[in-house]
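Enquirer: The residues making up each chain are set out below.
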Amino acid sequence: MVAGQVQAEFRRLRRVWEFTGFGLAFPLILYIFVGLQGSGPGAAEYHKYALASLCTYAVVNIALSTFGISVANERGSRMDALLRATPVRPLAPLIGKTVAAIAFALAAILLLYAAGILLAGISMPFEQWFTLTWRLLLAIVPFICMGFAIGYLSGPTGAVLAVNLILLPMSFASGIFFPINSLPTVIKDIAPYLPMYHLGHLAWNAVGVPYDDLWKSVLWLAGYSVLFLAITLWAVRREDDRRFS
Amino acid sequence: MPGSTASSQVSTASAEPATSGPVVELVDARKTFGSVQALAGVSLAVRPGELVGLLGPNGAGKTTAISLMLGLRRPTSGTARLFGLDPRDLRARSRIGVMLQESGIPLTLKVREVVDLFRTYYPQPLSTDKVVEMAGLGEFQGSLVGKLSGGQRQRVYFALAICGDPDALFLDEPTVGLDTATRRSFWDQVRGFKRRGKSIVLTTHYLDEANALADRVIVIDHGVIRAEDTPEAIRALVPGKKVTFHWRGVTAADLAGLPVEGLALDGPRVAFLTSHAEDVLRALFGRGAPITDLEVAGAGLEEAVLVLTGGR
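Top to bottom, those sequences are chains A and B.
For what it's worth, this note's numbering labels the leading residue of the first sequence as 1, then goes sequentially.
For what it's worth, this note's numbering labels the leading residue of the second sequence as 1001, then goes sequentially.
Warning: the hint list may mix true and false statements.
What the hints assert, rightly or not - Where chain A lies over chain B, by a calculated footprint (3+ residues, C-beta under 8 Å):
1) 1120-1127
2) 1202-1215
Claimed, not checked - Sample of chain A residues facing chain B (criterion: CB under 7 Å; computed from the structure):
3) Arg-15
4) Ala-81
5) Asn-164
6) Ile-166
7) Phe-244
None of these hints come from the bench; they were simulated from the model.
Glycine included, each C-beta is placed from N, C-alpha and C at the ideal position.
All chains, please: the whole structure from these sequences, using the hints.
Expert: Encoded structure:
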């Protein structure tokens, strides 16, 4: 059941190649245009910092799109009603999507790593690459929960809008596209409350930026997971009351 | 290992509910949505191997009745049982197959792939080849679901409904929007499935469909059962004739006092049912009614339902 669901999700990713291609190519293009700038002292550090930033962006984009847009589509097309009439365990489709999203995110960041190594000449010890990878893939969880909440609170068209309206401003305000220090004061004040800022901290730290209070970021991300999970459960219950009670 | 066989038989027997009782049962089921009463106390049972047609106009409560049977909705009062279990019980759900109105399927999968996916949900599915053959999907099995026409997609829904080799099949308005030839070939597929000894619940507002397929017809309107019998017996509830003609400028008052039922006026076109066709026509001609295009025919299931549902 779960294996079949995972296979179906991979097939979906392969067939919606515009979506998949965009998810893989857009961070790569941004990295080539923005992340490879600079030369001389400090450039190598900047290249690593930008790589961590765009990996963060890629992972969050995939989590929000996979869960937000496809969940909204399944509700909009009433596929969820058909599934409810089958004996499928509700967790099976969820696990299928999560496995596919994590594999997709891994592919996106490996592509960025390749660009970093081949185009920017980044060299880091293996432990650092490994730390960056597992942190990004583990910290995808709060964004999966966030995507789920979007998917349950909006319709198919609304979800695409919602994902973009949330993702781009949140990326800017979290210092993903430009370093935090170059942002206006208002945004600098907001940033520490955004989940992506904290995922950014985990990623930047993995490539060598020291932070004293990294545990705070972990707590923030855990808190956001709980918050979005609660919103999702509330939305699922509301949906049950409206359509399936 | 005879010992283990015996013990597994015992555990199977306790896990499986009794199969001799009704497959589906609604007992005084009521359902209200806000202030709207969709079902106002419906009791029905479907026996093993039986094909029951739920017939009624749009908005009669057919889909609500099916939703209760499937556990997609819960009755406001009364009970719904599937194989003697709560319809939300996965053991009950493992034994049913469902075609819903306007439900989505993964458009990015090929026909064979989506059948394979749904097969993994069921404990003892039919083989993919068998499902593809029974649903008439042979030539489309490699096509993407998203590229199929409406009629072809309907076959995919049928394939998904039967892939678990269910004991009961629920078809909610399965042929809406299909052309006549496609509908007839769909009927053949349904008959083929029934020959395997399976129960089928079919909702439809096409009378010929109920007539062609059902062992028993349940006429629902305004959330209550108006009649429940074989298609032939229901037809016999209206023993009279169906009379149609054209009469320019006709109003209902022109036919007042005549023994007619189910009167329908559509511009100059008049249609009604009567057990006294000769008397009615004699009276009309006596009044000098300018009637043209007169037709008198034996009333069928359509007319019977029209009368039963008050001409809606």
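Enquirer: Decide, hint by hint, whether the structure agrees.
Expert: To see whether the hints hold, each was checked on the structure:
For a cut-off of 8 Å, the count of residues in the segment 1120-1127 of chain B with a CB near a CB of chain A stands at 4, and the three-residue condition holds. Check result for the segment 1202-1215 of chain B against chain A: violated, 0 residues qualifying (beta carbon to beta carbon below 8 Å, three or more required). With its C-beta approaching chain B no nearer than about 4 Å, A/Arg-15 sits inside the 7 Å limit, and its interface hint holds. Hint status for A/Ala-81: holds, given a least beta-carbon distance of 5 Å to chain B, under 7 Å.
Contact between A/Asn-164 and chain B, as hinted, is not supported at the beta carbon level, the nearest pair being about 21 Å apart and thus beyond 7 Å. At its closest, the beta carbon of A/Ile-166 sits 25 Å from a beta carbon of chain B; the interface hint therefore is violated under the 7 Å criterion. Because the smallest distance between the Cβ of A/Phe-244 and any Cβ of chain B comes to about 6 Å, under 7 Å, the interface hint for this residue holds.
Comparing the model with each earlier hint shows violations of hints 2, 5, 6; every other hint is respected.
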